[in-house]
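Just need the whole structure built from these sequences, with the hints factored in.
If you read the sequences in order, they're chains D and Z.
Residue numbers for the first sequence follow the numbering used here, beginning at 1 and rising by one.
Residue numbers for the second sequence follow the numbering used here, beginning at 1 and rising by one.
The set of hints was computed from the structure by calculation and includes no laboratory data.
These numbers come from a predicted model, not from an experiment.
No residue lacks a Cβ here, since even glycine has one placed at the ideal position from N, Cα and C.
A hint or two may mislead.
Stated by the list, open to error - Partial list, computed: chain Z residues near chain D (C-beta under 8 Å):
#1 Pro6
#2 Phe53
#3 Glu71
Read off the chains here:
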Amino acid sequence: MRYLSEYRDPKLARSLVDQIKRRASRRWTMMEVCGGQTHTIVKQGLNEILADQVEMIHGPGCPVCVTPLEQIDRALHLARDPKVIFTSFGDMLRVPGSECDLFQIRAGGGDVRIVYSPLDALELARRLPDREVVFFAVGFETTAPANAMAVWRARELGVTNFSVLVSHVTVPPAMTAILESPDNRVQAFLAAGHVCTVMGWTEYEPLAQKYRVPIVVTGFEPLDILEGIHMAVLQLEDGRHEVENQYVRSVRREGNQPAQDLVSRVFELVDRQWRGIGSIPRSGLGLREEFAAFDAERKFALDGIRATEPVECRAGDVLVGRLKPYECPAFGTLCSPTRPLGAPMVSSEGACAAYYNYSRYHATEEVAP
Amino acid sequence: MCLGIPGRIVEIRDDTGLPMGVVDFGGVRREVCLAYVADEVQVGDYAIVHVGFAISKVDEDEAHRTFKALEEMSQLDELEWLGDVAEASLEIGLAEAP
Numbered sequence: 001m002r003y004l005s006e007y008r009d010p011k012l013a014r015s016l017v018d019q020i021k022r023r024a025s026r027r028w029t030m031m032e033v034c035g036g037q038t039h040t041i042v043k044q045g046l047n048e049i050l051a052d053q054v055e056m057i058h059g060p061g062c063p064v065c066v067t068p069l070e071q072i073d074r075a076l077h078l079a080r081d082p083k084v085i086f087t088s089f090g091d092m093l094r095v096p097g098s099e100c101d102l103f104q105i106r107a108g109g110g111d112v113r114i115v116y117s118p119l120d121a122l123e124l125a126r127r128l129p130d131r132e133v134v135f136f137a138v139g140f141e142t143t144a145p146a147n148a149m150a151v152w153r154a155r156e157l158g159v160t161n162f163s164v165l166v167s168h169v170t171v172p173p174a175m176t177a178i179l180e181s182p183d184n185r186v187q188a189f190l191a192a193g194h195v196c197t198v199m200g201w202t203e204y205e206p207l208a209q210k211y212r213v214p215i216v217v218t219g220f221e222p223l224d225i226l227e228g229i230h231m232a233v234l235q236l237e238d239g240r241h242e243v244e245n246q247y248v249r250s251v252r253r254e255g256n257q258p259a260q261d262l263v264s265r266v267f268e269l270v271d272r273q274w275r276g277i278g279s280i281p282r283s284g285l286g287l288r289e290e291f292a293a294f295d296a297e298r299k300f301a302l303d304g305i306r307a308t309e310p311v312e313c314r315a316g317d318v319l320v321g322r323l324k325p326y327e328c329p330a331f332g333t334l335c336s337p338t339r340p341l342g343a344p345m346v347s348s349e350g351a352c353a354a355y356y357n358y359s360r361y362h363a364t365e366e367v368a369p
Numbered sequence: 001m002c003l004g005i006p007g008r009i010v011e012i013r014d015d016t017g018l019p020m021g022v023v024d025f026g027g028v029r030r031e032v033c034l035a036y037v038a039d040e041v042q043v044g045d046y047a048i049v050h051v052g053f054a055i056s057k058v059d060e061d062e063a064h065r066t067f068k069a070l071e072e073m074s075q076l077d078e079l080e081w082l083g084d085v086a087e088a089s090l091e092i093g094l095a096e097a098p
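Written out as structure tokens, the structure is:
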């Protein structure tokens, strides 16, 4: 086994589809939290195959998409600074700021570099001690251990020309915000498999109990998603609301303890702004005071940079499932991957990009019953 | 961004106190930080790798178990399907009987 291609077996997928069709007595509404799952669902057309059994609402689990405009503008400001080498995951480069994006800064001579790992950015700082290397530390709980390690190592190795621009968010507060919303329609969640690989699923147990909502920790391959949907449908049909784990090959109940330990030594919970959603209390991670020397916001005094989001972009409604990407008036016209209005159209995990790239945006697809 | 890819660990070493290693992703090899799985992995194990960090050791027993369960379910499904077909043709047969 290679633990990848096996989970794309069409025969097993058909069997799972049949089981879901057989068990669903009505059409259920569920949300996949993670943008990676959204892409599998839309690419494979799972939402269309199961259109009569489940309506899939695409959740906010795309870190690129929820990074606030203000933070993008701060990144752009840093990237323009001739002293700075601005490093980032490739996904962030095309995300539109108030005036331009990181690609355009690079085209104009800014030193913007794509790295695969935050440790690569740290290595760059060690090799070029005369430059200031800033890494754009975005992501959910999955990415937090990597970014925490880069900061931890920088301090350990005495690297002073390395800092991080942090925009970290966490999943459970966003799920709570969605469940608390008066127009919430979500009846079950497919929780994000890699977030739970790091964090485990104990945080989700009180959510499942309080809101009486089934939560199935789910992987990313087609068979994972179908099995996750199947498990959620069984719970809904039986009137259960538990946390179950579909992604057993990677997720344990307690998560990855060494990773959680380092994250909580380097980061602390802070209020965070979500692009299109607004501020959610204690929903993000910020560097602890003892790591202030590695905080780009403090090092470069970025506090004065403020921004307001464009009104024509409905990214916020898409991110909480109020709007399907193709229902946005700008979709495919004012907004496309080459000229995006909002991040969901750019990111490899964005719901708008998924619908645009896989051409699954027929207006007739989902007519409310 | 939470993309995680399974790969096979082919080398483990220590980089000034940081457990590092090389992971093979179907022929492509890459440096990976093993700090978060150091206590449980050996060369030859599979790990899920995210942005250059192994975040879990693939539980191969669980993976095989799930897969077997899925396959059995699928076979069961085929049997049921055959049953359905047989039943349906029987019904049709009865309906068409004079």
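How the hints compare with the structure:
no.	hint	verdict
1	Pro6	holds (4 Å)
2	Phe53	holds (4 Å)
3	Glu71	holds (7 Å)
When the structure is compared with the earlier hints, no violation turns up for any of them.
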